[in-house]
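Enquirer: Could you build all of it, start to finish, from the sequences and the hints given here?
Those protein sequences? They're chains A and B, same order as listed.
Count the first sequence with numbering that gives the first Met the number 0 and you get residues 0 to 294, in order.
Count the second sequence with numbering that gives the first Met the number 0 and you get residues 0 to 365, in order.
Accuracy of the hints is not assured; some may be wrong.
Short derived list, chain B residues pointing at chain A, Cβ under 8 Å [to be verified]:
(1) 77
(2) 92
(3) 94
(4) 95
(5) 103
(6) 104
(7) 279
(8) 306
(9) 325
Quick look at which bits of chain A chain B covers, simulated, 3 or more residues with Cβ under 8 Å [unchecked claim]:
(10) 139-145
(11) 183-191
These aren't lab readings, by the way, just hints derived from the structure by calculation.
Note that this is a predicted model, so its numbers are computed, not measured.
We put the CB at the ideal spot given by N, CA and C, even for glycine.
So the chains spell out like this:
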Amino acid sequence: MNKVENNKAWFLVLPMLLLVAFSAIIPLMTVVNYSVQDILGRSAFFVGSEWFVQTLNDSRLQSALMRQFAFSFTILAIQVPLGIAIALLMPKKGWQASAVLILITLPLLVPWNVVGSMWQIFTRGDIGLMGYGIRQLGYPYNITRNASDAWITIIIMDVWHWTPLIALLCYSGLRAIPEAYYQAAQIDRASKWAVFRYIQLPKLTNVLVIGVLLRFMHSFMIYAEPFVLTGGGPGSSTTFLSQTLATMAIGQQDLGPSAAFSIIYFLIILAVSYVFYVTIMNMQKDKADNISGGA
Amino acid sequence: MAEIRLRSLAHTYETDPQSPQDYAIREMEHVWHQGGAYALLGPSGCGKSTMLNIISGLLRPSDGDVIFDSRIVNDLSPQERNIAQVFQFPVIYDTMTVFDNLAFPLRNVKKPEHMVMPRVHEVADILELTHLLKRKAKNLTADEKQKVSMGRGLVRDDVSAILFDEPLTVIDPQLKWKLRRKLKQIHEQFNITMIYVTHDQLEASTFAEKIAVMYEGQIVQFGTPRELFEKPAHTFVGFFIGSPGMNFLDVEATEQGMQFGDITIPVSQKRLKVAREATSDNLKLGIRPEFIHVWDDRNSEAFEVTVKDMEDLGTYRIMTFWFGDALMKARLHEDQRIPQKKAWISFPEQWLNVYIDEFRVEVDDE
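Expert: Right, dumping it as structure tokens:
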């Protein structure tokens, strides 16, 4: 066979390459560039890993990171089971299904800033329905003074805003299960719980992987909502990573350290997502193969 | 263990049925006796699966009753009816091992583990799944999965009946035959009522003692494979069973016999009488290709016909010929002389069937 040599074909890849370069590689490389230099006015000095060392040892960043993890895992622990439960309870067909779908989707359509503002007003002690209501019940609710009030409020706000995403994903996953599975389970005398545990949950694994990854990345980068609601306070009790970063980069113009911080931030998200993914995918593998050496 | 009786049973998927065509199952009476091995045979869309789902309780019949022994079970779930059903395509529990899949129906009713264990092994042994017991069911091949699905039905030894809905569709032919034998063995061993839905007559006749043939939502005949072959109660049975199917001639009843064009075919006086008294003019004569007598020479009883085509099928030949303006088929033995162009045939009286409105005329002297 004569193989036709035609390297001109490479030019066809060029537009895609340019697109990727502009959208991902070049911006990322700028950050890498900043992270290894000290920039003072118009002059720049190469500083190597200095900013990285400094960033990793910064106690302010360390505590923000801890808060960030605590926040992300808390909301995941609430949103995933709650989302599945809502999806299971949603009507399967008819106008009720459409109505519930629209109702459920509404929070997803509200912009982040608006969510923050809404809840800011909602939780005010003087005019906010929730804030006023709780105070009337006798609890001195105050998100600007009490750190745990602020925390709980932010978590409730995020659950309200994002549980619908998990619910929608699970709902579509549930609708994709063939009727024969439910019939077989009925014949096998399976309880409701067994149907959930052995049919629905396994069939939801794939959508849940997507849901958990999306929610983890999203929540790990949360910025506008707590910024508008609490401004990171009281003190720095609700200051999460991205807000800390923004303060550093824009407020203090510390470009080098914040670039280094950005890269570490990015790597953490990448690493955690990867571990999530690999763990869940491994759970589906055949364990007997390893034990018996592949029967 | 139970006798399953269908009383005035009918089912429709429409909310407002107008004509018989709207019914997936038209009103019928039927009894499946305890311990029988039955096949439910029919073309796609004739209502076989609907009937099965009604018996198992997955579907509630719109009219009539399903009776287990003497108990009306219309409102009982499959769990309460204690019935097993195997579906056309494998349904397995992905996350469980093969063992857990097979044990699932037993564990669901909290059977003690020391009883689950031997039973699962027994069934796995019959279905040759023992070496796979520790594997996750998700990673099996399609036919292994289907064996697991069947195993879940067989593992329960106290069921009222086991229903099979074309269970061997996804399985390759060689294994198919083996599994059918297995099912038959299991049936003989445990004496469980089994109803086997299929559209394959060979599958039906190797598995079942009695076959119910379904056509357009009705059971048109219920009998042994032999009865279906020799005395098809409905033209559809004649056409569907046997290969090639029965020959049919549209005829008119006269005093001398059955008139087909300008040919008169003699039939017994009794049957002729019934045919002549019938109000319907939908009158047919049916005879199987196997029973057409082909003579070697011209003969006073024989009709002369024109040979159109001869098919050699190894141990026998199928001759296609023109009888008047009707195309018919006859089967020739291997060692029979092969007619050229012209052939002489006759229709032995005892193998002739008369059909009025597609149903067979039954006369006592036969």
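Enquirer: Against this structure, judge whether each hint is valid.
Expert: Status of each hint after checking the structure:
1. 77: At 5 Å from the nearest chain A Cβ, residue 77 of chain B passes the 8 Å test, so the hint holds.
2. 92: 5 Å, holds
3. 94: 5 Å, holds
4. 95: Hint on residue 95 of chain B: holds, closest Cβ of chain A at ~6 Å, below 8 Å.
5. 103: OK, holds: residue 103 of chain B within 8 Å of chain A, min 6 Å.
6. 104: 4 Å, holds
7. 279: 42 Å, violated
8. 306: 50 Å, violated
9. 325: Since the shortest Cβ distance to chain A is 45 Å, the answer is violated.
10. 139-145: violated (count 0)
11. 183-191: holds (count 7)
In terms of the numbered hints stated before, the structure departs from hints 7, 8, 9, 10, listed from lowest to highest.
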